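**Student:** Taking the hints into account, I'd like the entire structure generated from these sequences.
Line by line, the protein sequences give chains D and H. Position 320 of the first sequence, counted from 1, bears residue number 320 in our numbering, the numbering being contiguous throughout. Position 278 of the second sequence, counted from 1, bears residue number 278 in our numbering, the numbering being contiguous throughout.
Hints in this document: simulated from the structure, not taken from any laboratory. This structure is a prediction, so every number in the text was calculated from the model and none was measured.
When the alpha-carbon atoms are kept at most 20 Å apart in a straight line, the in silico SDA-like pairs for lysine to any residue are as follows:
id	chain 1	residue 1	chain 2	residue 2
1	H	K205	D	D273
2	D	K269	H	P267
3	D	K269	H	A191
4	H	K120	H	T137
5	H	K259	D	D273
6	D	K207	H	I272
7	H	K205	D	E275
8	D	K269	H	D193
9	H	K205	D	A265
10	H	K18	H	T32
11	H	K205	H	Q47
12	D	K269	H	V194
13	D	K269	H	N202
14	D	K207	H	E275
15	H	K205	D	P281
16	H	K259	D	E272
17	H	K259	D	R204
18	H	K66	H	L35
19	H	K259	D	E271
20	H	K18	H	G292
21	D	K94	D	A124
22	D	K207	H	P267
23	D	K207	H	Q273
24	D	K146	H	T280
25	H	K205	D	G282
26	D	K269	H	H269
27	D	K269	H	I272
28	D	K207	H	S268
29	H	K205	D	V274
30	D	K269	H	L262
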Amino acid sequence: MGERTNHGDVLLRVRDLRTYFYTRWGVVKAVDGVSFDLHRGETLGIVGESGSGKSVTVLSIMRLIPSPPGRIVGGEVLLDGENLLALDEGEMQKVRGKRIALILQDPMTSLNPVFTIGDQVMEAIRIHQKLPSRKALVERAVEVLKQVRIPAAETRLRDYPHQLSGGMRQRVVGAIGISCQPQVLIADEPTTSLDATIQAQYLRLLKTIQQETGLSIIFITHDFGIVAKMCDTVAVMYAGRIVEKGDVRQIFNRPAHPYTQALLASVPKLEEDVERLYSIPGQPPVLHDLPPGCPFAPRCAYAYDRCKVEYPPTVEVEQGHTAACWKLV
Amino acid sequence: MTTNATNGQVLLEARDLKKYFPVGRGLFRRTTLLLKAVDGVSFSIRQGETLGLVGESGCGKTTTAKMVLLLEPPTAGSILFEGQDVLRLRGPERKRYRQSVQAVFQDPWASLNPRMRVGKIIAEPLDINLKLSPRETKERVAKLLQDVGLNPHHANLYPHEFSGGQRQRIAIARALALNPRLIVLDEPVSALDVSIRAQIMNLLKDLQGQYNLSYLLIAHHLATVRYMCHRVAVMYLGRIVEEGETRELFTNPLHPYTKALLSAALPSHPDIQREEIILTGEVPSPLNLPTGCRFHPRCPWAMPHCSQVEPTMREVRPGHRVACHLYGSSA
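**Tutor:** Here it is, written out as structure tokens:
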């Protein structure tokens, strides 16, 4: 089949990560025991709905959890074997932007409206790289903007964000992201505010940059279309945990967890007529009031008594493909 | 979902609708330019039918919907509802049109008043338009809540006590309150969680079957459009460039812009590899429209006369119309 893609060694290893928020309604376990590996050159998609913990997972990796109320209460984040959770703030600043870069959803809010594109790209470079002169800095900024295919990069340096279209702004954010040649690029819903044709351009660009640099990418998304197009491996999150993980074709061809199965069956398809979509009953759970046992049980078509009292163990359904469900035990 | 249910009579017809906005430029806004948001759009919607309006941001689809809802007066053109010219209606007849055409918007956090109880939100159109006794109103609200899959006792709660999907159900119940014939759905599921979208889409389909409703669906997500619509019209820069039955349009797109949109859409399986049609450049400003075909600066198949002559809509296959010089030039 050739389903398994061969990648380099493990670059980022997340083990049993737990991030809780202490609120007046109680403890919200936004991330509750998340583990995954990211290999060199791999693209991992973390899929989930709002509140599933996908964004808190990456903010925890970046150590950007607002505290209080949030706190990383357990686990390890190993980048090339070094535990980021044990670093002090000064050391962590050398990781952020330099070794792991983050691209957020809305380029209008991640760029500062009162500084030029050039200022903002050069700021990132200045912080992490010692360049001999201002001239070298400008040259490097132009080089990065060219890498994300911004036309007339030299003149664009003097533009302000509002002078650029949405697609171009998102490219600038991408340019800042890759400006210090990070090993990992985390993209949190990077294309949701873009139109379809601009989204396609941007995704193609990310793939090209990855081929050029050997970057590892984590895509945070709610859209299985992005996963199908971009990712090698997938982790599906629900209520703060990874419920299923595997190679992208394993997940699409043989989804094992009832939640993944239901999600895939509830998405309309562009390529074929569907008479009636499966609709998942109920709502995503409220995190400060989680039911005991499997949080998907109240919406699950296969749930039985045990599901409601005890969280299921994660089992390997085939090589490299795991899921947490009592049905599979 | 295609062929069935499209044999009803024409309910609403838009003829050559235009909406121009004057835009001030320069010191003291002395020079005014015209922003041609909608520039000659014609379509019809039959009873029990869903017409999808697709296109990228700024193509004029929401402005078109606002004109249908009489929220924005057209610069030119006419809207016929059951054969009557809506724009000439006054007084009670205009009010009756407004009752017959309702809307559900994208964001149910913004479209429901947070200070009103759900029962009051749904009863408001009833209170304004019909003289019902409190008991009749209460019964009607309870029935509407049940129609959209909620519970009659939810009438006493406030919007913040509901999840996004439930709020969209409330917005749908309010739209249904006056027994409308047509509902304008402006991105009705794109603000909702993925696992909730199918619930709302299925609910809308069920209500359509139950009440023979017509929908004008505005969406950018093409797979949603394929699932929901009987017919689809593709807009680009204020014009409809292609229109046809859903399955025909998705399996046999003719206009280069439609082809590009479909090729850019995300696949539903990793093994689906689409040949991408790469559009160069960005959408031109509607303040300064290209001459000839407005798509020609980005079109991979542009011919010399595309920049001079604007193509007109022609029926190329039964029910499938396209405005493009590639399919026989028009005089």
